[in-house]
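A.B. asks: Which chain is which? The protein sequence lines are A and B, in order. If you read the first sequence in this note's numbering, its first letter stands for residue 1, the second for the next number, and so on. If you read the second sequence in this note's numbering, its first letter stands for residue 1, the second for the next number, and so on.
Wrong hints could be hidden among the right ones.
Claimed, not checked - Here chain A is said to cover these stretches of chain B; the calculated rule only asks that three of the stretch's residues, wherever they fall, bring their Cβ under 8 Å from a Cβ of chain A:
hint : segment
1    : 46-56
2    : 231-241
To be verified - Simulated crosslink set (EDC-like; lysine to aspartate or glutamate; CA at most 20 Å straight-line):
hint : chain 1 : residue 1 : chain 2 : residue 2
3    : A       : Lys42     : B       : Glu190
4    : A       : Lys42     : A       : Glu56
5    : A       : Lys42     : B       : Glu182
6    : A       : Lys224    : A       : Glu142
7    : A       : Lys224    : A       : Asp192
8    : A       : Lys223    : A       : Asp120
9    : A       : Lys223    : A       : Glu123
10   : A       : Lys224    : A       : Asp128
11   : A       : Lys224    : A       : Glu56
12   : B       : Lys49     : B       : Glu37
13   : A       : Lys42     : B       : Glu240
14   : A       : Lys270    : B       : Asp222
Said to hold, decoys possible - Distance ranges between label pairs, derived from CB positions:
hint : chain 1 : residue 1 : chain 2 : residue 2 : range
15   : B       : Arg68     : A       : Ala304    : 29 to 37 Å
16   : B       : Glu196    : A       : Pro61     : 36 to 44 Å
17   : B       : Glu265    : A       : Thr216    : 44 to 52 Å
18   : A       : Lys270    : B       : Glu265    : 21 to 29 Å
19   : A       : Arg83     : B       : Pro255    : 45 to 53 Å
20   : A       : Arg83     : B       : Asp250    : 44 to 52 Å
21   : B       : Arg68     : A       : Pro87     : 30 to 38 Å
22   : A       : Ala242    : B       : Trp194    : 29 to 37 Å
23   : B       : Trp194    : A       : Gly334    : 37 to 45 Å
24   : A       : Ala41     : B       : Val203    : 19 to 27 Å
25   : B       : Lys49     : A       : Glu267    : 36 to 44 Å
26   : B       : Asp222    : A       : Ala286    : 12 to 20 Å
27   : A       : Gln316    : B       : Asp124    : 42 to 50 Å
Read the hints as simulated data drawn from the structure, not as lab findings. All figures in this text were calculated on a predicted structure; none of them were measured in a lab. We treat Cβ as the ideally placed atom computed from N, Cα and C, and that holds for glycine.
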Amino acid sequence: MSGPILVTGAGGVGKTTVSAALAVHAARRGLETLVLTVDPAKRLASALGVETLGAEPTANPELPHLWAAMLDAEASWEEIARRHAPPDVADRLVTSEFFRSITRHFPASQSYAAAEKMADYVEARRWDVVIVDTPPAAGGIEFFTAPQELTELVGGRLFRWLTGGSIPGRRELFNLAARPALRIVDLALGSDLLERVSSFLFDLRSTYDGLRSRATEIERHFKKSVVLVVTTSDPAPVAEAARFFQALPAVARAPAAVVFNRALPTEWEKVDIPDGTARPLARNLALWAREARRQETVRDEFSARYRVPVARIAWQATAPTDLDSLDALVADSGVLADLL
Amino acid sequence: MLIVTGKGGVGKSAVTAALAVDAARRGLRVLAIGMVEGQGLAGHLGVEKLTYQPAEVRPGIFAMAINRPAALDEYLRLQLHVPKFSRIGPIARAFDALASAAPGIRETVTMGKVLFEARTREWDLVVADAPPSGQIGSHLRAPRTISDLVGAGRVREQTRWMEEWLNDPVKTGLVIVSTAEELPAIETVETLAWLEHEQVVDVASVITNRTLEPLGASVPADVSAPIGAAAALHDGIFHEQQRWLATLPDGPRLPYLFGVTGPVEVTERLADVLEER
Numbered sequence: 001m002s003g004p005i006l007v008t009g010a011g012g013v014g015k016t017t018v019s020a021a022l023a024v025h026a027a028r029r030g031l032e033t034l035v036l037t038v039d040p041a042k043r044l045a046s047a048l049g050v051e052t053l054g055a056e057p058t059a060n061p062e063l064p065h066l067w068a069a070m071l072d073a074e075a076s077w078e079e080i081a082r083r084h085a086p087p088d089v090a091d092r093l094v095t096s097e098f099f100r101s102i103t104r105h106f107p108a109s110q111s112y113a114a115a116e117k118m119a120d121y122v123e124a125r126r127w128d129v130v131i132v133d134t135p136p137a138a139g140g141i142e143f144f145t146a147p148q149e150l151t152e153l154v155g156g157r158l159f160r161w162l163t164g165g166s167i168p169g170r171r172e173l174f175n176l177a178a179r180p181a182l183r184i185v186d187l188a189l190g191s192d193l194l195e196r197v198s199s200f201l202f203d204l205r206s207t208y209d210g211l212r213s214r215a216t217e218i219e220r221h222f223k224k225s226v227v228l229v230v231t232t233s234d235p236a237p238v239a240e241a242a243r244f245f246q247a248l249p250a251v252a253r254a255p256a257a258v259v260f261n262r263a264l265p266t267e268w269e270k271v272d273i274p275d276g277t278a279r280p281l282a283r284n285l286a287l288w289a290r291e292a293r294r295q296e297t298v299r300d301e302f303s304a305r306y307r308v309p310v311a312r313i314a315w316q317a318t319a320p321t322d323l324d325s326l327d328a329l330v331a332d333s334g335v336l337a338d339l340l
Numbered sequence: 001m002l003i004v005t006g007k008g009g010v011g012k013s014a015v016t017a018a019l020a021v022d023a024a025r026r027g028l029r030v031l032a033i034g035m036v037e038g039q040g041l042a043g044h045l046g047v048e049k050l051t052y053q054p055a056e057v058r059p060g061i062f063a064m065a066i067n068r069p070a071a072l073d074e075y076l077r078l079q080l081h082v083p084k085f086s087r088i089g090p091i092a093r094a095f096d097a098l099a100s101a102a103p104g105i106r107e108t109v110t111m112g113k114v115l116f117e118a119r120t121r122e123w124d125l126v127v128a129d130a131p132p133s134g135q136i137g138s139h140l141r142a143p144r145t146i147s148d149l150v151g152a153g154r155v156r157e158q159t160r161w162m163e164e165w166l167n168d169p170v171k172t173g174l175v176i177v178s179t180a181e182e183l184p185a186i187e188t189v190e191t192l193a194w195l196e197h198e199q200v201v202d203v204a205s206v207i208t209n210r211t212l213e214p215l216g217a218s219v220p221a222d223v224s225a226p227i228g229a230a231a232a233l234h235d236g237i238f239h240e241q242q243r244w245l246a247t248l249p250d251g252p253r254l255p256y257l258f259g260v261t262g263p264v265e266v267t268e269r270l271a272d273v274l275e276e277r
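Go ahead and model the full structure; you've got the sequences and the hints to work with.
C.D. replies: See the structure below:
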């Protein structure tokens, strides 16, 4: 296994379950496996053996090759600041009133924090397989563009424009309001805020060199990764999955497979309902068969269009959370088992 | 005005479109606003994409999408009275740079546009396909965040009417869309608790999407044959849903739509159910 396995897709389609299932499957084959997860459902978290945010990789008591860690984007951010900024500046940054805002509201930041963690664990060379359940940021694709975006935010166009090219000293920052365009911003926001934000951005700028070289390394991991796109057969996540196929080759690699979660058995489409079947049961099968047919059309169209292997994960009334049934998901899906 | 939120993947855009269609069927003049790029509102209204200028997408329904540069430009001119002159680009860029660091500013620009449209009185109803519930708090709280953060300046003056408008239950209601599954239900309950605490907006309704009817028979003993397997799946999902529905407040329940392919058909079918209520 050369690079990490990145499990992507729209929110709510079952990325976390798929990541966990892959991890269990790999670990059961004796591979040292780490799954890095974000916000799992409670039962799944306890099955994986991680129940606190920000936890360091922990080996599963029932399956020692299986390690799991849960990402806490906000805490990771503090780590990033401390890693890339001088200590006194890092202190100022993490206590700043703007720090929380930029970590929570800049959509790429949570993705970046996850990507940097991923890179750390891959480089640790302690695991044969690192599986990343990517954060459900809007657009999903941000996980891949985040390193670039963040480097640009901190060192790029906006800040250069504000400061006029070179890194200014603090005194120059206070003169920002003398520039005509900024005078108007000043009028809008009040000079006090402008000054406070400016010095925060100035501090943030000190992380630029570190972030930039780290971003390059992270992108190298992306290029070596195996990307899986998880979706259901509903129109919105399918559209989202299509976006991954269009955009991903430029920033990472073309997805290795698309995983259709909540798939219904295709044979339901062709069943002759036996005589004497209770009417509600017959009606019920007809409904689900219609849905199975719709799903199959969606899958066929997708795989024809993007020429990609399709894995199917069966719809179950409750998402599986024990190790056996997680493992079975991968074994039954065909394509996924071959990836490991 | 209705602001529609919910956990990602629950069908916010479909419900937003259905609310618009339902209102239009009752003769109201409706504006549907997509607040987040890439959400499926356009598709559910049967158009390829939405523009910043409201356009009539079907009789009685106008729709638009907020794009940040356009909204910012308009905000600077109309709300902050920055004159339109050739340097609006640099100003907007500077503003945007600051807005990425200062909490509440981007959200104020986006919410400001929605509220501004609601205030024009050109529409009987404005429905906004809002950011997911994970981010809705910062949008709803944006006016207050800014008045806490900024001592003076025009942005602060602007936030006062926004806060009042959001706070007024006659003018603004929040619709939370959920499904009867673990994570969406938990997030809905958490959002409700946050709203109870913050009191920034009135909750008009919690709509649960994709709910199943009871099977209406008992599950056969043989669950390997399709009849039994489909019954067991249905019954299993139904009971799992009941468990999460019990944690949610009462509100409209929209059905799971079996075999429906097109996003517009989804909208129509959901609007039919809303109309029956």
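A.B. asks: Taking each numbered hint in turn, which are not upheld by the structure, reported in ascending numerical order?
C.D. replies: Violated: hints 1, 7 and 11.
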